[in-house]
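**Q** Make the full structure from the sequences, and use the hints.
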Amino acid sequence: MPDWFKRSKSPEVPEGAFVKCTGCNAILVTKDFERDNKVCPRCGHHHPLSADERIAMLADEDSFEEFGNDISATDPLAFPGYAQKLTTGHADESGRNDGLVTGRASISSRPVVLAISDFQWGRLAGTMGSVFGEKFAIATDIALEENRPLITFCASGGARMQEGLVSLMQMAKTSHAVAKLRATNIPYIVVLTHPSTGGAVASYASLGDVIFAEPGATVALSGERVAAQAQTQKVPANYRTAEFALEHGMIDRVVHRRDIQSYIARTLLFMQSPSK
Amino acid sequence: MPDWFKRSKSPEVPEGAFVKCTGCNAILVTKDFERDNKVCPRCGHHHPLSADERIAMLADEDSFEEFGNDISATDPLAFPGYAQKLTTGHADESGRNDGLVTGRASISSRPVVLAISDFQWGRLAGTMGSVFGEKFAIATDIALEENRPLITFCASGGARMQEGLVSLMQMAKTSHAVAKLRATNIPYIVVLTHPSTGGAVASYASLGDVIFAEPGATVALSGERVAAQAQTQKVPANYRTAEFALEHGMIDRVVHRRDIQSYIARTLLFMQSPSK
Amino acid sequence: MEDMTIIEFETFLVELDKNIAKLKSVASREGDTAASNEAKQLTKERAQLVEKFFRKLTAWDKVLLARHKDRPYTLDYVAALCDDFLELHGDRAFGDDGAVVGGFARMSGRSLMLIGQQKGRDLKERQRRNFGYMKPEGYRKALRLMEMAERFSRPVLTFIDTPGADPNVPSEQRGISEAIARNLREMSVLKTPTVAVVVGEGGSGGALGLAVADRVLMLEHSFYSVIAPEGCASILYRDATRGADAAKAMRVTAQDALELGLIDEIIPEPLGGAHLDIATTAENLEKVVTKHLDVLAGLSVDDLIDQRAKRLRALGKFENSVERWRTAG
Amino acid sequence: MEDMTIIEFETFLVELDKNIAKLKSVASREGDTAASNEAKQLTKERAQLVEKFFRKLTAWDKVLLARHKDRPYTLDYVAALCDDFLELHGDRAFGDDGAVVGGFARMSGRSLMLIGQQKGRDLKERQRRNFGYMKPEGYRKALRLMEMAERFSRPVLTFIDTPGADPNVPSEQRGISEAIARNLREMSVLKTPTVAVVVGEGGSGGALGLAVADRVLMLEHSFYSVIAPEGCASILYRDATRGADAAKAMRVTAQDALELGLIDEIIPEPLGGAHLDIATTAENLEKVVTKHLDVLAGLSVDDLIDQRAKRLRALGKFENSVERWRTAG
Ligand SMILES: [Zn+2]
Ligand SMILES: [Zn+2]
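Chains as they are written, first to last, in the working numbering: chain A, 1 to 276; chain B, 1 to 276; chain C, 1 to 329; chain D, 1 to 329.
It cannot be assumed that every hint is accurate.
[As the list claims (entries may be wrong)] Below 27 Å or equal to it, Euclidean Cα-Cα: the simulated DSSO-like pairs (lysine-lysine) are:
id	chain 1	residue 1	chain 2	residue 2
1	D	K69	D	K18
2	C	K56	C	K310
3	D	K24	D	K44
4	C	K248	B	K85
5	B	K180	C	K248
6	D	K287	D	K191
7	D	K40	D	K18
8	C	K191	C	K310
9	C	K56	C	K248
10	D	K56	D	K69
11	B	K31	A	K234
12	A	K85	D	K248
13	D	K40	D	K22
14	B	K180	D	K191
15	C	K18	C	K52
16	D	K24	D	K40
17	C	K191	D	K44
18	A	K234	D	K124
19	D	K24	D	K56
20	C	K124	B	K234
21	C	K44	C	K18
22	D	K69	D	K287
23	C	K56	C	K18
24	B	K180	C	K191
25	B	K31	B	K20
26	A	K20	A	K31
27	D	K287	D	K56
These are computed hints drawn from the structure, not numbers from a lab.
**A** So this is what it looks like as structure tokens:
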């Protein structure tokens with residue numbers, strides 16, 4: 001199991017009413033923890049959220065209308081173990097067809113399209129396969145047709161190895177989708193969450209007009225092991241983090257989860273307010 | 001006198017028939033030296049050329065038709081010593097009004113516009129004053145009207161201090177002229193010669209579709225003294241040279257003077273041959 | 001008094017104010033009418049002195065004022081002027097330059113992209129912001145933000161306050177010349193209204209790299225120069241300490257720039273300089289900037305680009321004759 | 001024979017050729033008819049063995065062939081194909097990446113922008129070219145050249161041959177992800193015809209960063225993969241040495257890519273691989289590339305962009321039903 005996977009696992013629950021922070025081991029009251037959107041008040045560690053939790057945090061109440069849930073993967077290579085993972089994913093309680101959840105919503109009353117990654121789905125680490133690519137493209141099509149900004153939250157291990165070269169091509173497909181948004185000046189906002197790696201950051205997730213990231217999120221092209229093997233020089237302390245990406249000019253801001261909704265709303269206000 | 005000025009001075013002439021290379025002190029036969037376009041066959045040092053020498057080397061025979069020689073500087077600030085330099089410049093044997101020489105020509109039978117800097121004119125170090133800016137703009141206008149590529153050779157100490165803020169604005173004026181070429185896909189080729197510094201490289205001279213430079217030419221924003229004063233760290237051996245600029249991705253090639261005509265012709269062939 | 005620089009004059013005023021305070025204190029403690037009258041007299045004379053001094057500031061005084069340690073910086077104006085400012089970071093290629101800040105701003109009910117050169121207040125911040133010397137990644141960050149503003153049809157407002165572009169080896173390595181040149185080119189054809197305000201030091205190409213705009217404004221005591229006065233002095237007089245003479249010779253003040261037709265308007269500062277009353281300065285600035293933005297907002301993009309092109313094409317002072325110099329020799 | 005890899009088979013052939021040569025030498029020196037006949041027989045069998053071996057190359061053989069130390073690289077094709085090649089350098093912002101070459105090329109009477117990933121032959125060149133691992137400045141140089149081609153309406157031809165993008169700290173620092181992502185975006189809407197040819201290793205995103213094109217072609221024994229077979233093996237089997245199994249599972253060959261509808265055509269290599277006959281390989285390549293460029297040249301820019309958009313939009317294998325997996329559990 002990759003290291004980032006271990007680090008990003010959900011907090012242990014010693015008793016139903018309490019959770020232990022995976023960042024600092026503090027014991028937290030579950031109710032408070034949920035209210036804080038699973039950010040530890042002690043150490044600030046941002047624990048993983050499901051797509052539904054993200055949507056609840058972000059979208060105006062009852063505004064989310066999902067789309068794109070009627071397509072599914074085909075295991076085009078008959079790749080070892082992939083069918084099993086897909087079956088597991090489809091059986092999961094969210095009822096989703098993929099780790100990318102797409103839909104219309106409004107944020108502070110502004111209509112938007114959301115494309116939110118769920119890292120857990122199918123234990124497939126938010127990877128980009130054909131369904132991911134198609135749902136992202138549908139989300140873009142709707143954003144274009146209805147003149148809605150597209151907002152995406154990334155949490156991904158990269159391209160989905162199990163679909164071979166087909167999955168690599170999803171990088172081209174999603175980047176082209178962004179090109180279409182850009183050509184028509186439709187706002188495209190990216191939020192990088194833990195972990196944002198591989199093919200995701202080498203395509204759609206690095207192409208936001210504005211890019212925010214959650215504190216401490218891993219942001220890097222190479223997986224941790226590849227990175228460790230490849231290094232011939234000293235590795236900076238914050239290497240492969242959101243803070244590192246900020247320092248090197250790759251993202252606009254590191255934003256605490258409690259502020260992300262307001263940062264997105266302020267960005268949309270800038271991009272969409274009528275010209276004077 | 002700035003150091004680069006000393007380094008770039010014309011070779012000493014021990015006897016009329018011989019010259020001494022300022023690069024390696026070799027004694028060369030003047031006739032051979034002239035035939036080699038003032039490049040030392042021993043050490044490869046590229047000695048300064050006048051604009052007329054450049055044009056002779058570059059343009060098809062008798063193809064050069066000068067324009068823009070009917071305007072002149074006004075000393076808008078009544079700056080100490082400037083009037084004297086302008087008078088000297090205008091008295092020089094070239095009969096020119098400024099260190100920038102502009103005209104129509106053809107290169108390998110392709111019609112072009114040339115804008116060639118003469119470093120010596122008025123002992124004003126090829127600086128960019130109002131006349132420079134206007135002549136460059138006229139050259140661009142003609143390039144646009146007649147669909148001719150613009151080819152410029154830079155040899156400049158930067159903006160012309162003696163015209164104060166007016167001269168700084170020539171950076172904006174020439175850069176805008178390049179923007180117009182770019183918008184209409186008219187080829188713009190820059191050749192950096194010794195020295196290409198200051199406001200020149202921070203404007204039109206860094207904006208070529210293709211940028212060539214002569215070997216050993218100084219290429220830098222800061223003058224040598226400023227650079228020396230400002231450094232707090234080890235300075236690379238080839239610092240502020242064409243070779244340094246190449247290494248750091250700022251120019252396309254370092255090209256020997258004997259090859260420059262052919263490199264320009266090949267570039268024009270690429271940019272202008274009919275699409276197939 | 002005549003030979004004092006503005007900084008010396010400020011020191012003199014501090015002493016004078018101490019004296020006045022002392023007199024007032026004596027007057028109130030001991031009911032000393034003479035002291036009271038002298039205090040009043042000195043206060044009156046102080047006001048006259050200030051009036052007189054500021055009526056004939058030299059170019060060098062303007063340089064010193066523009067560099068004054070208490071001079072308001074970009075973020076001071078942001079604090080005074082903006083209802084909201086969401087700072088954005090990074091050039092998406094190398095780094096985030098602290099010598100320039102930029103982001104979404106709300107000002108007078110308008111959304112705009114605000115970009116400004118930023119010096120630091122204390123030593124630590126000064127170092128972080130490289131004393132206002134921008135690096136290539138700074139110009140590239142600024143261009144990224146300007147292109148975003150263009151895409152979303154927002155005006156761009158830039159604040160200029162830099163001694164110049166960073167002249168160090170790493171900046172040459174990463175193409176400081178290219179970064180400035182590209183900004184000049186792209187700003188000259190940016191399809192959205194642009195206003196640049198020199199609020200402090202307008203240091204040569206490093207300043208111009210953010211100042212190709214539809215309107216260029218200057219604060220009353222800012223300056224704008226092709227080369228630092230000290231640099232000019234060391235070339236012209238072989239004496240870098242003669243910056244005052246060079247500043248005069250190069251005509252670096254806002255008033256000179258206006259006379260030369262290179263800027264559009266001067267924004268008045270409160271008596272004694274912007275640092276004595278940031279709120280009033282910011283108010284003046286907002287008024288003038290808003291006026292120009294309103295005019296520019298009324299233009300079509302084509303007209304805007306066309307007017308800017310004409311403006312840039314017309315820059316320069318020359319004659320259509322070469323006779324003067326030919327015969328001068 | 002069955003279990004030999006292509007590299008082992010080549011070694012075997014070298015031994016075999018030595019035997020044949022020895023027999024021939026004996027035959028000619030001593031007039032030994034038996035030796036002469038045996039030499040003839042072995043030569044015939046050799047040809048059959050080669051035929052047979054190459055008819056059933058495994059995915060792993062393809063990987064080994066694509067990485068073969070004598071495999072022709074971009075500059076070998078340039079030498080064989082181009083009447084003129086003027087290499088251009090630099091990204092105009094940071095550096096010049098030796099792992100990618102690009103410039104003006106004349107090929108079959110056509111001017112085009114040729115850009116290719118380039119490994120090195122000897123150790124020194126390999127290091128200079130970073131073993132074909134491109135850095136951010138490489139992708140940015142390539143994009144600069146592609147945009148120049150677009151401006152002058154020249155087609156772009158890219159050669160793909162990389163183990164992947166450079167994964168080291170400095171490349172992360174300078175935004176290797178951003179550089180690739182930007183290339184994908186910009187290549188997807190570049191207003192000029194583009195053809196990409198995988199000539200050796202098509203290593204994941206590092207390859208794709210130059211391979212979003214109107215036509216994607218592959219040499220017969222090249223491969224193209226979402227992750228290096230060894231990397232896949234170390235995830236899938238926790239054993240990086242099982243690259244052969246992973247290569248098969250991921251279907252990385254040109255034939256697989258064609259079957260999956262991800263590429264347009266396979267360019268045949270001479271028997272035994274491109275390295276045995278560069279001239280013939282280059283000829284085949286030129287023929288196929290020219291054919292596609294001719295077709296693309298006949299399209300208007302709008303049609304070109306439209307077709308490329310449709311092509312990109314259609315990438316992926318999915319069903320319009322989720323029932324299969326829901327019921328599978
Ligand atoms: Zn904690
Ligand atoms: Zn010599």
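**Q** With reference to the structure, classify each hint as holding or not holding.
**A** Hints, verified against the model:
For the suggested pair K69(D) and K18(D), the alpha carbons sit about 21 Å apart, so the restraint of at most 27 Å is met. Distance restraint check for K56(C) and K310(C): the Cα-Cα separation of roughly 35 Å exceeds the 27 Å cut-off, and the hinted pair is therefore not satisfied. Straight-line distance between C-alpha atoms of K24(D) and K44(D) comes to about 14 Å, which keeps the hinted pair within the 27 Å bound. Between K248(C) and K85(B), the direct Cα distance comes to roughly 20 Å. Compliance with the 27 Å bound is thereby established for this hinted pair.
For the proposed pair K180(B) and K248(C), the alpha carbon gap of about 36 Å is over 27 Å, so the pair is violated. Proximity of K287(D) to K191(D) is assessed by CA-CA distance (about 24 Å); at most 27 Å being required, the pair is judged to hold. Between K40(D) and K18(D), the direct Cα distance comes to roughly 14 Å. Compliance with the 27 Å bound is thereby established for this hinted pair. Of the supplied pair hints, the one linking K191(C) and K310(C) holds, its CA atoms being roughly 15 Å apart against a limit of 27 Å.
The straight-line distance between the Cα atoms of K56(C) and K248(C) is roughly 13 Å, inside the 27 Å bound, and the hint therefore holds. The suggested pairing of K56(D) with K69(D) holds, with an alpha-carbon distance near 22 Å, which does not exceed 27 Å. In summary, the hint linking K31(B) to K234(A) is not supported, as the alpha carbons are separated by about 58 Å, beyond the 27 Å threshold. For the proposed pair K85(A) and K248(D), the alpha carbon gap of about 20 Å is at most 27 Å, so the pair holds.
Taking the CA atoms of K40(D) and K22(D), the gap is about 12 Å. The hint holds against a cut of 27 Å. Straight-line distance between C-alpha atoms of K180(B) and K191(D) comes to about 20 Å, which keeps the hinted pair within the 27 Å bound. For the suggested pair K18(C) and K52(C), the alpha carbons sit about 21 Å apart, so the restraint of at most 27 Å is met. For the proposed pair K24(D) and K40(D), the alpha carbon gap of about 9 Å is at most 27 Å, so the pair holds.
At most 27 Å may separate the alpha-carbon atoms for a hinted pair to count; K191(C) and K44(D) exceed this at roughly 72 Å. Proximity of K234(A) to K124(D) is assessed by CA-CA distance (about 24 Å); at most 27 Å being required, the pair is judged to hold. Only pairs whose Cα atoms come within 27 Å are accepted, and K24(D) paired with K56(D) is rejected, the gap being roughly 30 Å. In summary, the hint linking K124(C) to K234(B) is supported, as the alpha carbons are separated by about 24 Å, within the 27 Å threshold.
In summary, the hint linking K44(C) to K18(C) is supported, as the alpha carbons are separated by about 15 Å, within the 27 Å threshold. Annotation: proposed proximity of K69(D) to K287(D) holds, straight-line Cα distance about 25 Å (limit 27 Å). A C-alpha spacing of about 25 Å is found between K56(C) and K18(C), which places the hinted pair at or below 27 Å, so the restraint holds. As the CA atoms of K180(B) and K191(C) are separated by approximately 14 Å, the hinted pair is consistent with the 27 Å bound.
Taken as a hint, the K31(B) and K20(B) pair is honoured in the structure, with Cα atoms around 13 Å apart against an allowance of 27 Å. Using a Cα cut-off of 27 Å, the hinted pair K20(A) and K31(A) holds, with the two alpha carbons roughly 13 Å apart. Proximity of K287(D) to K56(D) is assessed by CA-CA distance (about 26 Å); at most 27 Å being required, the pair is judged to hold.
Violation of the numbered hints given earlier is confined to hints 2, 5, 11, 17, 19; the remaining hints are satisfied by the structure.
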